[in-house]
Amino acid sequence: MRSHLILRVVSKLLIPFLLLFALYVQFHGDFGPGGGFQAGVIVAAAFVLYALIFGLKTIQKVIPPALLEVLVPMGVLIYAGVGVATWILGGNFLDYNMLDSHDPSHGQHLGILLVEAGVLVTVASTMLLIFYTFAGRGR
Amino acid sequence: MEFLINLVLLLFLAAVTFAVIGVRNLFAVVILGGAYSFLMATLLIAMDAVDVGMTEAAVGAGVSTVLLLSALHLTNTEEAAARHSNVLPLALSLLTGAALIYGTWGLPDYGMADTAVNTYVGQQYLERSIPETTVPNVVTSVLASYRGYDTLGETTVIFTAGIGVLMLLRGRRPRKDKETSTGGDAT
Numbered sequence: 002m003r004s005h006l007i008l009r010v011v012s013k014l015l016i017p018f019l020l021l022f023a024l025y026v027q028f029h030g031d032f033g034p035g036g037g038f039q040a041g042v043i044v045a046a047a048f049v050l051y052a053l054i055f056g057l058k059t060i061q062k063v064i065p066p067a068l069l070e071v072l073v074p075m076g077v078l079i080y081a082g083v084g085v086a087t088w089i090l091g092g093n094f095l096d097y098n099m100l101d102s103h104d105p106s107h108g109q110h111l112g113i114l115l116v117e118a119g120v121l122v123t124v125a126s127t128m129l130l131i132f133y134t135f136a137g138r139g140r
Numbered sequence: 036m037e038f039l040i041n042l043v044l045l046l047f048l049a050a051v052t053f054a055v056i057g058v059r060n061l062f063a064v065v066i067l068g069g070a071y072s073f074l075m076a077t078l079l080i081a082m083d084a085v086d087v088g089m090t091e092a093a094v095g096a097g098v099s100t101v102l103l104l105s106a107l108h109l110t111n112t113e114e115a116a117a118r119h120s121n122v123l124p125l126a127l128s129l130l131t132g133a134a135l136i137y138g139t140w141g142l143p144d145y146g147m148a149d150t151a152v153n154t155y156v157g158q159q160y161l162e163r164s165i166p167e168t169t170v171p172n173v174v175t176s177v178l179a180s181y182r183g184y185d186t187l188g189e190t191t192v193i194f195t196a197g198i199g200v201l202m203l204l205r206g207r208r209p210r211k212d213k214e215t216s217t218g219g220d221a222t
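Residue numbers (the numbering used here), protein chains in the order written: chain H, 2 to 140; chain X, 36 to 222.
If you are wondering where the hints come from, they were derived from the structure by calculation, not from laboratory data.
Certain hints may be false.
[Stated by the list, open to error] Partial list, computed: chain H residues near chain X (C-beta under 8 Å):
1) SER4
2) GLY35
3) ALA46
4) LEU72
5) GLY76
6) ALA118
7) GLY119
8) MET128
9) PHE132
[Stated by the list, open to error] Calculated Cβ distances over 12 Å to all of chain X for the following chain H residues:
10) VAL10
11) VAL63
12) LEU90
Every residue, glycine too, gets a C-beta built ideally from N, C-alpha and C.
Build out the structure end to end from the sequences listed, making use of the hints.
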């Protein structure tokens, strides 16, 4: 893909905005449409676009497969960890009200934010890892 | 106006479907599949299901199209000629389609307030979400707070799927290398 100048320039311009949009979808999930899953697939799509234009070797320099293999279980761990944290704080599993002792609704927002972060990490890294293994075969 | 938009989108969907059936080149089929997903995402947005539309656009049209293309890279891009007669699959498809269309007659009108979906639990969520969680987007509060267990399960499913694909696709390669490279280190 060395010669596709227009594709390279346009995708270089697009990718920062794709990632920014993913972050918006992630952090605005309480108020507008979106959330961890949607943000995760948008992040994955942005990196896949990068890989399509600049090649698998380049993207693996940005995000090595070994890092992804850590991130895939990390997301589930973050999610379940929030549950365990609410347990320790004296509530039920995933009872976000416990996360803020002064205002339960702040606890809800914090809990949802953390849990959605876990979903984002697992979804984005799983999608990318599947792409890596597919694209890395037969070469 | 909304009727017109839905009509145009559904007609496009039908056109893409017939194109997928007719085209023999699998590369074209994959791209048409991406177009189908984009149309479906637009239709979902027209039905106010923005969350699902976003997912459909990113997964259906984006990531899975790329995955199918990378799978095509490993195989032949021309569809092989059918070994058996197409009559039975066609009859089965038509029968299933007819059964599904018959099923839609039993559905309530779109957006009706007094359906089972919109009354019992759904009504409770809509009424209690703001006082209990102060999250204005009820989809998020149901998904992450009220149904947090389910979403934890879903995340685990994605994790399991990723690990499964990884083991299936990567586990085999060292053995293949051993066969071709007469001993030596497989990695």
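Subject >> Hint check, failures only >> reply: 1, 4 and 6
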